[in-house]
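Colleague: Residues per chain, in single letters:
2 protein chains.
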Amino acid sequence: MSTALLPFPPIWLRDNCPCAQCKDPRNGQKLFGITDLPADLELLDVTTSDQTVSVTFAPDGHRADFSRSWLDAQRVADHGDGRTERAKRLWSATEVADLVPTATWASYGDDVATRARILRGVRDLGFALLRGTPVVEETVLAIAETFGYPRETNYGRLFDVRVEANPNNLAFTGLAIAPHTDNPYRDPVPTLQLLHCLDNAVDGGESGLVDGFQAAALLRREDPESFAILTSIPVPFAWSDDTASLRADRPLIEVDATGAVREIRFNNRSMQALRLTTAQSEAFYTAYRAFAEIVLRPELLFTFRLEAGDCVIFDNTRLLHARTAFAESGSRHLQGCYADLDSLLSLLSTLVTLEAQG
Amino acid sequence: MSTALLPFPPIWLRDNCPCAQCKDPRNGQKLFGITDLPADLELLDVTTSDQTVSVTFAPDGHRADFSRSWLDAQRVADHGDGRTERAKRLWSATEVADLVPTATWASYGDDVATRARILRGVRDLGFALLRGTPVVEETVLAIAETFGYPRETNYGRLFDVRVEANPNNLAFTGLAIAPHTDNPYRDPVPTLQLLHCLDNAVDGGESGLVDGFQAAALLRREDPESFAILTSIPVPFAWSDDTASLRADRPLIEVDATGAVREIRFNNRSMQALRLTTAQSEAFYTAYRAFAEIVLRPELLFTFRLEAGDCVIFDNTRLLHARTAFAESGSRHLQGCYADLDSLLSLLSTLVTLEAQG
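Sequence lines, in order, name chains A and B.
Residue numbers for the first sequence, in full-length UniProt numbering: 1 to 358.
Residue numbers for the second sequence, in full-length UniProt numbering: 1 to 358.
Keep in mind that the hints were calculated from the coordinates and are not lab data.
On a predicted model such as this, the values are computed, not experimentally measured, just so you know.
Every residue, glycine too, gets a C-beta built ideally from N, C-alpha and C.
Incorrect hints may appear among the rest.
[To be verified] Heads up, simulated EDC-like pairs for lysine to aspartate or glutamate below, C-alpha to C-alpha not over 20 Å straight-line: (1) B:30 / A:242; (2) A:30 / B:293; (3) A:23 / B:241; (4) A:30 / A:45; (5) B:30 / B:60; (6) B:23 / A:95; (7) A:30 / A:50; (8) A:30 / B:241; (9) B:23 / A:65; (10) A:23 / B:164; (11) B:23 / A:36; (12) B:30 / A:241; (13) B:30 / A:65; (14) B:30 / A:36; (15) B:30 / B:65; (16) A:30 / B:60; (17) A:23 / A:50.
[Said to hold, decoys possible] For each label pair, taking beta carbons as the anchor points, the in silico distance ranges come out as: (18) A:45 / B:293: 44 to 52 Å; (19) A:308 / B:42: 44 to 52 Å; (20) A:304 / B:31: 24 to 32 Å.
[As the list claims (entries may be wrong)] To spell it out: a stretch of chain A is covered by chain B in this simulated footprint if at least three of its residues, at any positions, have a beta carbon under 8 Å from a beta carbon of chain B; those stretches are: (21) 67-80; (22) 92-106; (23) 152-160; (24) 278-284; (25) 287-299.
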């Protein structure tokens, strides 16, 4: 085989033929299925030039013209869709303190580069902060709509985080809340969360974020056995009230097919009883405690204070969020909503193209 | 250890203590984290009665009272959240032909048992059919809102499936479309799809469904090596136009942490070039072809015709959908939307409780 074609076998080349017969020029979609291709494909002829590698296939004589630059790009390992730990910048609190992607609402709205920087922050670090947004209810939805679509749930299009008389959730009290991810009992889990501050005139009520991918990486390094256990045991999470009954069974640390960390679920409040043998139970709890002890290390907790008009946007598949206790006599009101990473990353990709053309 | 407590180790018992100090009686949420519990928990005393098992723990003397019936329930293996192949009724075309969960729009709206039967169909078989819905645009959104929330995407709250002059998708032509899942390039993928028929006065244009979990189970039985390859290689899927650029890398067959099939992605149109070694590429394509040949077996394809007023609701993480070609001169118009399984299953659970209360 010509080295110009390494490492691509004939079936790979044919499946990626860019000709108009194989790929709809109107939309880039592949026009054939894998079973439409001969099972006994071979290369009949290969012709190379400076720019192009042309391949003719047996038995049917189909010809594919590849640009060399495209073929070259396919030889380089990439980070896939960028959603696993491999594509992220993992952080501890001191490391991230100087990196916090922050912008005013005005510059976020006016300036493409600023908008791209904020969205890139969510992608790479897992969060970003907007300052000076309108101190008006439902602004959180308007912010989500700048990059996607609020994910409506049984909690509504948005939810209010403030002290309630009969709370169905600890969030609606003045109690401290340890680092956790939201809605682990929901599949698909909301991949993004926004918290918009309307009022925070209390003693306490500081916000905290922990990089769950970093915590998982530390666990893998320090205690690989516990890491293996937490990636291989689905954990039942559930939540219910009079109108909803939600459940999802997923591991605390979810790895992709290649073993890279892709999603974290961590929420003691909604974790249910696991159905395991005694030995499995003991191993699970040892591993769970080891992971929790890492998650709770002070050096991993980045703390900050949301003031009225601030909005934090974060990746709920990666970051854990927390808050300190506050006096219920004071006045604190956040509005939150969920959204999803697909549209945020799509917009970022579009903005990057715009910037490059700029 | 008392047999009344088998197989539960002390830490499991303590983590599931139902007392008001451990579990908020207002909302059922656990009030402590795993690191709040002593690492050296032991059972100090166990007292059993007909209804209850009471446990006192060392070193802190905390006492937990468990109902025997609750403990008994925890000894029985369950199907977790019911989202994997283990909880489903897998089918071939002839098997499902007599089972199709079907209801009129009127009875679906009026009768709790009918509504539960339809939603149970989506859960267990992967789909259900509503007949006699209003032949009015946007009805598909009203149907989705009976059990959840339409998932808005870059395609809008809903999308029209009809012949277009400049299609950005094969769906908008009269061409046949082979069995596929939608939006594999999106993570989270839409877990439900609805297709509502406003008009189908064409020759052809029949609908088809394939149980992807059944196809995966057949592959595992007939060709376990190919099954292992397809569960372990993330496949890049992508879609883009002027306004969006979406990508997700996920395996064609996704198994959960215990190896049970949980999600299928199958869409030749949006599959991109894989970056693999020659040997991996060859193994992948052999496995992909083997799976495709199973997916395309006529005995797996359940075909039916959507008439005006019909709506099919199906699980896009499990079923593949297809359509036969039709003459573009005829008149065919569907409206589709995406939604998610979390709210559908939550509603079903609530309806089952209602039914039980009679």
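Colleague: Confirm or reject each hint.
Modeller: Quick rundown of the hints versus the structure:
1. B:30 / A:242: 18 Å, holds
2. A:30 / B:293: 18 Å, holds
3. A:23 / B:241: 15 Å, holds
4. A:30 / A:45: Roughly 23 Å separates the two Cα atoms, so the pair is violated.
5. B:30 / B:60: Holds, because 19 Å separates the two Cα atoms, which is no more than 20 Å.
6. B:23 / A:95: 36 Å, violated
7. A:30 / A:50: 27 Å, violated
8. A:30 / B:241: Status holds; Cα separation ~15 Å.
9. B:23 / A:65: Judged against 20 Å, a Cα distance of about 65 Å means the pair is violated.
10. A:23 / B:164: Roughly 18 Å separates the two Cα atoms, so the pair holds.
11. B:23 / A:36: 58 Å, violated
12. B:30 / A:241: Within the cut-off at roughly 15 Å; holds.
13. B:30 / A:65: It is violated: about 61 Å lies between the C-alpha atoms, which goes past 20 Å.
14. B:30 / A:36: Roughly 55 Å between the alpha carbons, so the hint for residue 30 of chain B and residue 36 of chain A is violated.
15. B:30 / B:65: Holds: residue 30 of chain B and residue 65 of chain B sit about 16 Å apart, inside 20 Å.
16. A:30 / B:60: 65 Å, violated
17. A:23 / A:50: 24 Å, violated
18. A:45 / B:293: 44 to 52 Å: Given range 44 to 52 Å: violated, Cβ gap about 29 Å.
19. A:308 / B:42: 44 to 52 Å: At roughly 50 Å between Cβ atoms, residue 42 of chain B and residue 308 of chain A fall inside 44 to 52 Å, so the hint holds.
20. A:304 / B:31: 24 to 32 Å: 26 Å, holds
21. 67-80: n = 6 at 8 Å, threshold three: holds.
22. 92-106: Per the Cβ count (0), the hint is violated.
23. 152-160: holds (count 3)
24. 278-284: holds (count 3)
25. 287-299: holds (count 5)
The structure fails to meet hints 4, 6, 7, 9, 11, 13, 14, 16, 17, 18, 22 from the earlier list, while all remaining hints are met.
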